[in-house]
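Top line first, the protein sequences correspond to chains A and B. Residues 1 to 244 (the numbering used here) make up the first sequence, in order. Residues 1 to 79 (the numbering used here) make up the second sequence, in order.
Some hints could be false.
To be verified - Straight-line C-alpha distance at most 16 Å; calculated EDC-like pairs for lysine to aspartate or glutamate: (1) K9/B x E42/B; (2) K127/A x E42/B; (3) K167/A x D36/B; (4) K9/B x D39/B; (5) K127/A x E14/B; (6) K119/A x E42/B; (7) K10/B x E50/B; (8) K19/B x E6/B; (9) K112/A x E102/A; (10) K127/A x E168/A; (11) K119/A x D57/B; (12) K127/A x D39/B; (13) K10/B x E22/B; (14) K127/A x E49/B; (15) K127/A x E50/B; (16) K62/B x E26/B; (17) K127/A x E48/B; (18) K4/A x E51/A; (19) K167/A x D39/B; (20) K9/B x D71/B.
These are computed hints drawn from the structure, not numbers from a lab. Remember, predicted model here, so these are calculated numbers, not experimental data.
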Amino acid sequence: MSMKGQVALVTGASRGIGKAIAQALVAEGATVIGTATTANGAEAISTYLAENGKGMVLNVAESESINSVIEAITAEYGQLDILVNNAGITRDNLLMRMKEDEWDDVLNTNLKSVFRLSKAVMRGMMKRRNGRIINISSVVGTTGNPGQANYCAAKAGLVGFTKSLAKEIAARGITVNCVAPGFIDTDMTQSLTEEQKQAIFTNIPAARLGQPEEIAAAVVFLASAGAAYITGETIHVNGGMAMV
Amino acid sequence: MSTIEERVKKIIVEQLGVKEEEVKPEASFENDLGADSLDTVELVMALEEEFETEIPDEEAEKIKTVQAAIDYVTNHADD
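If we strip away everything but chain A, and leave its shape as in the complex, we get (with noise of 0.2 Å):
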């Protein structure tokens, strides 16, 4: 239990590994603010918290929920610790066909959230000269993918910005890094195709998909207090299929 009286802000925590993060967490003694999208999705998590933190609604694409959030935390909490971004969506397509919007909806909800969410914690963090920010990019990111440019760009620039501001604010007690899932059992690879899936085996050595509570103790462990002096760095977790 050693993050209790620690309080962590997870976002897109209604499942997969949001979810598995987000336990992770409380059963290291944290309390813990997961957000959805939906009023459904904050319901189930404040259920699955119970005594340990609430389910909030969060559209991270937008400034204004973020703010608003940031404060009713700060405003019942009196702080914040931990964040771990992790809220994403996927467009894919072949970028011959890939729309605008397609674009935009994944940098805006995948990279510009991050920049906003960051942001807006940061005040508080350098105040108190301690401070975790955790964000969640890709393999893919830095293999890259068909069918993913979006998505693609949009985690590798995730690894960029991580080291810029790992980089500004180390000296205030801050650390910020990545975390690189590869194939994790989650809806968002169940959507995969079957030919995709096939293609993305053989190049897994550990031949399965990994769990998001594998995910989960990578973020736990960068969270910990034992990693204060790692900073701007991302873990690989994909089983060997990518050895950077």
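Dock chain B against the given chain A, drawing on the hints supplied.
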């Protein structure tokens, strides 16, 4: 009750870890008082809290000396 000037100087001393006698009106945060760009951002944050005001980014960028900070707060004290 301290004057605005005294309160501003006190914040500068605390934020930048400098001696009170170094905080002369013409002193530049970055050139004379050893602040880096993030220190000046934090200094502006501290001024905002002390004087319960919000300093817009374009104004904050102009606050580079002790006198500029005192002037800004003085001019916006009754807003």
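Evaluation of the provided hints:
1. K9/B x E42/B: Holds. K9/B to E42/B sits at ~15 Å (cutoff 16 Å).
2. K127/A x E42/B: Within the cut-off at roughly 8 Å; holds.
3. K167/A x D36/B: Status holds; Cα separation ~13 Å.
4. K9/B x D39/B: Roughly 15 Å between the alpha carbons, so the hint for K9/B and D39/B holds.
5. K127/A x E14/B: With Cα atoms ~13 Å apart, K127/A and E14/B stay inside 16 Å; holds.
6. K119/A x E42/B: holds (13 Å)
7. K10/B x E50/B: Within the cut-off at roughly 11 Å; holds.
8. K19/B x E6/B: holds (14 Å)
9. K112/A x E102/A: holds (14 Å)
10. K127/A x E168/A: With a Cα-Cα distance of about 15 Å, the restraint between K127/A and E168/A holds, given a limit of 16 Å.
11. K119/A x D57/B: holds (13 Å)
12. K127/A x D39/B: holds (12 Å)
13. K10/B x E22/B: Status holds; Cα separation ~12 Å.
14. K127/A x E49/B: Since the Cα atoms of K127/A and E49/B sit roughly 11 Å apart, the hinted pair holds (cutoff 16 Å).
15. K127/A x E50/B: Distance of about 14 Å is within 16 Å: holds.
16. K62/B x E26/B: holds (14 Å)
17. K127/A x E48/B: With Cα atoms ~13 Å apart, K127/A and E48/B stay inside 16 Å; holds.
18. K4/A x E51/A: Since the Cα atoms of K4/A and E51/A sit roughly 14 Å apart, the hinted pair holds (cutoff 16 Å).
19. K167/A x D39/B: Holds, at about 14 Å.
20. K9/B x D71/B: holds (12 Å)
No hint from the list above goes unmet by this structure.
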